[in-house]
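K.L.:
Here's the letter readout for the chains.
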Amino acid sequence: MTGALLAQYREMLRIRRFEERCAELYSAERIRGFVHLYIGEEAVAVGVIGQLVQDDAMVTTYRDHGHALARGMDMAAVMSEMFGRVEGVSRGRGGSMHLFSAEHRFYGGNGIVGGGLPLAVGLGLADHLQGRERVTACFFGEGAMAEGEFHESINLAALWQLPVLFVCENNLYAMGTALARSESETDLALKAAAYEVPAWSCDGMDVEAVSHAAQRAVALVRDSGGPVFLEARTYRFRAHSMYDPDRYRDKAEIELWRTRDPLRIAADRLLDRGEATDEDLRDIDTEVTEEVDASVAAAEAAAWEDVDHLTRFVMSEGVPT
Amino acid sequence: MGEFRMPSLGADMTEGTLLEWLVRPGDVVHRGDVVAVVDTSKSAIDVEVFQDGRVERLLVEPGTTVPVGQPLALLSDEGAAGSTAPPAPVPVAASAPVPEPHEAHIAASPFARRRAVELGVDLSSVSGHGGVISVADVERAAAGREESATVAPVSSPAPVSSPAPEASSHARAMREAIAALMARSKKEIPHYYLTLDIDLHTSLGWLTSRNAGLPVDARVVPAALLLKAVAVAAAEFPEMNGHVVDGAYRPADRVNLGVAVALRGGGLMAPALVDADRLDLDALMTAMKDLVARARGGRLRSSEMSDGTLTVTNLGEQGAQSVHGVIYPPQVALVGFGRIAERPVALEGLLGVHPVTTATLAADHRVSDGHRGGLFLARIAELLDEPENLVGGRP
Amino acid sequence: MTAPTSVRPTTYREAIREAMREAMRRDDRVFLMGEDVGRYGGGFGVSLGLLEEFGEDRVRDTPLSESGFVGAGIGAALGGMRPIVEIMTVNFSLLALDQILNTAATLLHMSGGQFNVPLVIRMTTGGGRQLAAQHSHSLEGYYAHIPGLRVLAPATIEDAYGMLEPALADPDPVVIFEHGSLYNEKGTLPDPPTAVPLEGAAVRRAGTDVTLVTSGGCLGRCLDAADDLAGSGISAEVIDLRSLRPIDDDTVGASVSRTHRAIVVDEGWRSVGMSAEVAARIAERCFYDLDAPVGRVAAVEVPIPYPRHLEAAALPSAERIAAAARKAVLGDG
Chain E
7 MTGALLAQYR EMLRIRRFEE RCAELYSAER IRGFVHLYIG EEAVAVGVIG QLVQDDAMVT
67 TYRDHGHALA RGMDMAAVMS EMFGRVEGVS RGRGGSMHLF SAEHRFYGGN GIVGGGLPLA
127 VGLGLADHLQ GRERVTACFF GEGAMAEGEF HESINLAALW QLPVLFVCEN NLYAMGTALA
187 RSESETDLAL KAAAYEVPAW SCDGMDVEAV SHAAQRAVAL VRDSGGPVFL EARTYRFRAH
247 SMYDPDRYRD KAEIELWRTR DPLRIAADRL LDRGEATDED LRDIDTEVTE EVDASVAAAE
307 AAAWEDVDHL TRFVMSEGVP T
Chain H
7 MGEFRMPSLG ADMTEGTLLE WLVRPGDVVH RGDVVAVVDT SKSAIDVEVF QDGRVERLLV
67 EPGTTVPVGQ PLALLSDEGA AGSTAPPAPV PVAASAPVPE PHEAHIAASP FARRRAVELG
127 VDLSSVSGHG GVISVADVER AAAGREESAT VAPVSSPAPV SSPAPEASSH ARAMREAIAA
187 LMARSKKEIP HYYLTLDIDL HTSLGWLTSR NAGLPVDARV VPAALLLKAV AVAAAEFPEM
247 NGHVVDGAYR PADRVNLGVA VALRGGGLMA PALVDADRLD LDALMTAMKD LVARARGGRL
307 RSSEMSDGTL TVTNLGEQGA QSVHGVIYPP QVALVGFGRI AERPVALEGL LGVHPVTTAT
367 LAADHRVSDG HRGGLFLARI AELLDEPENL VGGRP
Chain R
0 MTAPTSVRPT TYREAIREAM REAMRRDDRV FLMGEDVGRY GGGFGVSLGL LEEFGEDRVR
60 DTPLSESGFV GAGIGAALGG MRPIVEIMTV NFSLLALDQI LNTAATLLHM SGGQFNVPLV
120 IRMTTGGGRQ LAAQHSHSLE GYYAHIPGLR VLAPATIEDA YGMLEPALAD PDPVVIFEHG
180 SLYNEKGTLP DPPTAVPLEG AAVRRAGTDV TLVTSGGCLG RCLDAADDLA GSGISAEVID
240 LRSLRPIDDD TVGASVSRTH RAIVVDEGWR SVGMSAEVAA RIAERCFYDL DAPVGRVAAV
300 EVPIPYPRHL EAAALPSAER IAAAARKAVL GDG
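Chains as they are written, first to last, in this note's numbering: chain E, 7 to 327; chain H, 7 to 401; chain R, 0 to 332.
Not one of these hints is a red herring.
Quick list of the computed label-pair ranges, beta carbon to beta carbon: (1) H:254 / R:101: 50 to 60 Å; (2) H:71 / E:255: 26 to 36 Å; (3) H:149 / R:286: 17 to 27 Å; (4) R:62 / E:221: 27 to 37 Å; (5) H:20 / E:16: 37 to 47 Å; (6) R:231 / H:133: 20 to 30 Å; (7) R:305 / H:189: 48 to 58 Å; (8) H:351 / R:286: 51 to 61 Å; (9) E:312 / R:231: 49 to 59 Å; (10) R:253 / H:193: 18 to 28 Å.
Going by beta-carbon spacing under 7 Å, a handful of chain E positions derived as facing chain R: (11) 99; (12) 104; (13) 106; (14) 108; (15) 124; (16) 132; (17) 155; (18) 162; (19) 321; (20) 322.
If you want a taste of the chain R side facing chain E, the calculated C-beta under 10 Å gives, among others: (21) 95; (22) 113; (23) 115.
Treat the hints as calculated values from the structure; they're not laboratory data. Virtual Cβ for every residue (Gly too), placed ideally from N, Cα, C.
Isolated chain E, as found in the complex (with noise of 0.2 Å):
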């Protein structure tokens, strides 16, 4: 496993300034709608995907440009989505908060909590009627766990046992309220298992933490064709959606998770294994930087959308049946 910390320290930081320069770039007005900055969970993305193989499908949510990153879509192509310019991954169609891939079997963003459950489930049913050993990983925050889907969908999966996994991320607040107080039961992997489902939690702040039970979900997810709940539980470092004032969270709180900041873990991990140098840490903090300038130069430099085209994708344009 030698380098492979490093490589997911690297993923990581890919994320974190990716998005502080577009939390830069929307008080600049550069970027514009709803932005959700995944600033803080990045070890959740980057520890569950990195066990996917190509042929396995994503779900996600409107907090996705951590899982776009972590999946491989080019960064440039995710920033020019985040300035709505034709060359985005969704034609500048969706923005932040729908990103989507058909060449990595990156099914959304999407902006309605729970709303993509279902269509994971349909995903894995439409593997399982074609006989197909494929996995669907489904990302949601707890705050999903209250909407009647999250119920519908799990109880589909494991009724009709399609090879869905269910990733909770757990950051502790549904935009504002408190897992307490919209909860009646707080222990999430529990809650699953009411379905028959196998289900546990894991370290969510900790990437290695994350690999290894998702390595263990993923694998129990191919071999028996049934699904599993993963709950990763984390912490986000900024507001729900860009600002806000944070009313409903202690600054004591948030800065006692900042202490369990992901990338520090791992940089700390690293150091002490000798696996890395500072000056290590710092050149790849370096290559990142170039990464994230390139693409914003790369965003910049993307077309407009023409204004003709302004109906185009409505419906289907002589796609084969």
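Got chain E; can you put chains H and R on it based on the hints?
P.N.:
Quick look at chains H and R alone, frame taken from chain E:
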């Protein structure tokens, strides 16, 4: 470099109020430091800075509301870039809404209104069924009028005495019809335009001596002479006289000269002088007077409304020098005459003063081209130079 | 293509079943799912016998989870299948409206053309069976409002049969409304059946004095009204829209431009519904051809009540349609 600006803190934020500075001039700040508190319309938010540097100058006092993007502080030592306050809003003088004059409305279906314009029926003279005029009522009215027109043709100008409210409603309907027709013309017909000044010295001199000694109602006005010249020329230029039907041009086998008539209540009609080229000058004069009177009285025959093959618009009385007209579909040409005015003319190396009119041709490029159009205008001028030849009629 | 050699007697219900059966035989990707479509044979008996022929994988009984199984249909379509999802009634479909609007209809656009959703959703609509206020409504307009969907309302046995195949072949989501009162309708299908187009309205009866524009379960009532009007010398043209999205403006416009009068007949509520949309399009397109105001006969604005006489009073009837047409033609009440 070095401006810290009012950040955008939400998709709907256009301005923010600076509540508090958390830094002072001289402070060193780093990327990510919270430097100010800003009130959006939703809440107070800690605002971070995205660059390293030293606070040079604070540009905005706490309590000030400024638009997103406006510099709040200068960050580096250079600090040359001054902030420009947004321009003070220009007060817009509120103009009191002008009340719409109340107008009585004739209840008629849209289809009935359209047919009424086509048939030249004045809706105010039609009585509707159940209080609303339908197309059947309009067609009944048109049929009845046609009958009376053939039995007892009107020979003197009819008094225009329709009450004002109906007239203005009628005018509005007519304006709509004109707008639709003219828009269609401009959309469908590739117009080209030609202009020719025509010296009327000879013809008007001839006309004056002809009119001398005649009773007033037997005199011929210059407009009749102009119409006759156009009608005779039109018979010789089939590509100016006819209709485009279903995309194909059909030259007409007679000359029904549309005469643009301005109506007193506003609006415009172009009823046709049937067989204008065959009428002798006096008959043409009589027919023209009759046509204008009946157009203004709203009692035209439907054939006069629809059978024009070429239209003439004469601004003679109105003072403008020339008119570049819009062709009446499905016709293919329109001849305009500007005011007849005394103008300096070069005559065999000398300068003279003659009555001149500017004749214009608007013609359909799908049917003719400028060469033929030019010959057509020249022919009109030639005919007007020999006015005595315009007197007689043809069988 | 061979000319039809014979006709076979059938019903609207059997015609849909037959179309599904043939689609599943023809294409392994096609499967049916919904509440009680399997063992029960469908809430309205449409899928009776299909479970026995195709097995539980392809005729899937779902839990009572409209959002879940409609969403699963969308996912399965994305995963390469050609699902037919049955929702028992349009009222229940509201539980899945999130998936239909926010996912099925928008995914293609949000993804910049990357993900189309070849899904067919069938649902029962309409009143007339004394099923009261939660099983009787006609909410076609809700769906016809949504760009990204194709919305069909087969009013005849031929359309009920013939629309399914092209709907399954369509790359985008198609919602098919089956009026509950039509299932027992008896008729014939040409054998072999002739193909029907997905788009385009049909002139079901030619006429010259007034155009009745309708769809689905109201077609029969309009034809009855036209018979009645013919008795009093009024010639009514009856247009069956067939497709509620897109709407065939050309056929409607050409008819109204000839007859100069239009009555729009819809079983949905009058306000902000299908009838309002069709009337507005007629006004936009045919204003200068209209010799009478566009009339509407729609459901009275009340949740559909249970007693027969009240329900009848709430829904468009041949009498109300004929009266509206007479008023337009004769200009009096």
